[in-house]
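Mind docking chain B on chain A? Use the hints.
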Amino acid sequence: MAYKIIVCAKQVPDTNEIKTNPETGTLIRDGVPSILNNDDANALEEALKIKDAHPGTVITVVTMGPPQADVMLKECLAMGADDAILLSDRALGGSDTWATSNAISAGIRKAAEKMGGYDIIFAGRQAIDGDTAQVGPQIAEKLGVPQVSYVKKFELDGNKVTVERALEDGYEVIELQTPCLLTAIKELNTPRYMYIRGIYEAEKAEISVWNADDIGVDKEKEVGLRPSPTNVFKSFTPKPKGAGQKVAGDTEKEIAKNLLISLKDKNII
Amino acid sequence: MNFNLTKEQETVRKMVRKFATNEVEPIAAECDKEHRFPVETVEKMAKYGLMGIPYPTEYEGAGGDHISYAITVEELSRACASTGVICSAHTSLCTWPIFAWGTEEQKKKYVPDLASGRKIGAFGLTEPGAGTDAGGQQTVAVDMGDHYVLNGAKVFITNGGYADTFVIIAMTDKSKGTRGGISAFIVEKGFEGFSIGKTEDKLGIHASSTTELIMQDCIVPKENLLGKVGDGFKVALSTLDGGRIGIASQALGIAQGAFDVTVEYMKARKQFGKSLSKFQALQFEMAAMKTQIEAARLLIYKAADMKDKHLDYSEASAMAKLFAGETAMHVTTKAVQFHGGYGYTVDYPVERMMRDAKITEIYEGTSEVQKIVIAGKIFGKK
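First to last, the sequence lines map onto chains A and B. The first sequence begins at 1 in this note's numbering and counts up one residue at a time. The second sequence begins at 270 in this note's numbering and counts up one residue at a time.
In isolation and in its complexed conformation, chain A is listed as follows (with noise of 0.2 Å):
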């Protein structure tokens, strides 16, 4: 059988190349490359599998933020996404976790009315930047579906999906029925590239841009910097911590001896 699969993903700025300017403490974001958040790209692989498994399937991205967001769907649709959305206007920005989800489940609702309803919606676990892992789940509460988070294994077989989920100390095992919301961790599977004959026929494609009032979500109440419960106090860099301290020794029991006298100097014990 054929899927109907939304995508969640985020245009993140590559953490590998990130500053903070240590007197403001906020990011340098300038000259930064943008990415496909990490899990994101866990979440459009899992999709692809089904899609490569399953002809027919069809996967839709959803992403919110700024215009050039567009370039992250195009290697979206560049890895096999068929078709992508951005919802983007000024009276999202400053969108908390809570009026993010608002947001996105909104225009999957829309979404879905164009692609007459879906079965599995897959999201990273968290962004980058944010590190939240919070609109995932907000998300399925808001579309009323059931979800998994921390997704490392996934199996389909017809509406039932079977999942492991990942604890800090193991994994549990879960079945649901589709429709349903999972997120993907880094564990879940190894994201393919862009291909070659993606990339040219991605950059033909057309983008769908929603704002607001296209998904029906109130710029008062629901969405922006004004309705968000949290807000951002402060940010700043931690210090960095000093060097350690290697402990050396000629044998395993003349290092632990040197360490224990080293602990005892401090008072440790």
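These aren't lab readings, by the way, just hints derived from the structure by calculation. Hints may be right or wrong, so weigh each one.
[Unchecked claim] Okay, derived cross-link-like pairs now, DSS-like style, lysine-lysine, Cα gap no bigger than 27 Å in a straight line:
| # | chain 1 | residue 1 | chain 2 | residue 2 |
| --- | --- | --- | --- | --- |
| 1 | B | K578 | B | K497 |
| 2 | B | K316 | A | K49 |
| 3 | A | K49 | B | K287 |
| 4 | A | K153 | B | K287 |
| 5 | A | K239 | B | K536 |
| 6 | B | K316 | B | K378 |
| 7 | A | K204 | B | K497 |
| 8 | A | K153 | B | K313 |
| 9 | A | K153 | B | K316 |
For clarity, every value in this text was computed on a predicted model and none was experimentally measured.
Below, chain B without anything else, positioned relative to chain A:
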């Protein structure tokens, strides 16, 4: 005049850079050491469309252009020059002449398998006594009415040991000489009388398969004549014009790769109490090399752009290859020098890059041959 890459070309570079970093670079030293053709990498390149970039999608190509193709060979070669030339020889020397000179039937039969990378291609022009001097061909093709019989041997054939499809140049009428006496044929690995001879042991590009091809009463169907009888010289020269863009891109990639690792090494390596990167004598050399690399890149992209626009790019590709090959040799030699003793060991990639660079001044026309092509444009052909 527009020096900006298109969005597609930028994205192709991003994709191939990532692919090369993850799939090519980690095994480059091992493939070099073991003289191993990276079959698994070529399969992945095929999957993502890297084996047929400038061919239309209706022939199962990626629907890209020659600048994207040049970028691809450059980025692959930045990590591993052998992987770069596998792509280049396949794309420029085998798929291209069939695509450009083939009948619709030939194109339909051969291009989709090649452009999709399901099959690998190679090109057989060089012989022990004839390289760029194609007129010295000893391989002969005799018209037997319903088929041709080919006899002879080709040497230094890139991809030889792994190719399924070959474009072979042979003499059909010695009395007519180079122009008119030579023809091109599409030969499949399985044709009767066709076999692979010895594999060359080379200074560099160890992971590239360089072999002899032997044709002993090799039977080639009539419909596998590529172009008209006597077109072989034109087929060969036009193929080499394009091939030079690929080799120039390979040279550029080698130079850029050696340059990049040297920058990192210079920042990390301390002598006389400071990083090598603080010595102005070395800084100046690096500045000059960066300029040379960028100049090579512009020559290559110009030639590729001219090819996409169907202009006469013969001189442009000769200039690009001449300059890029010399740049690769110069930059890699300096890279080894700046690495000092470490650079001479196999623990660092620059010695491999220096060995790999040399071939770019030799194959698909030596630097001297490129000068003949360019001089011909200045003074006219004799």
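Which constraints among the numbered hints does this structure fail? Numbers only, ascending. Structure breaks hint 7 only.
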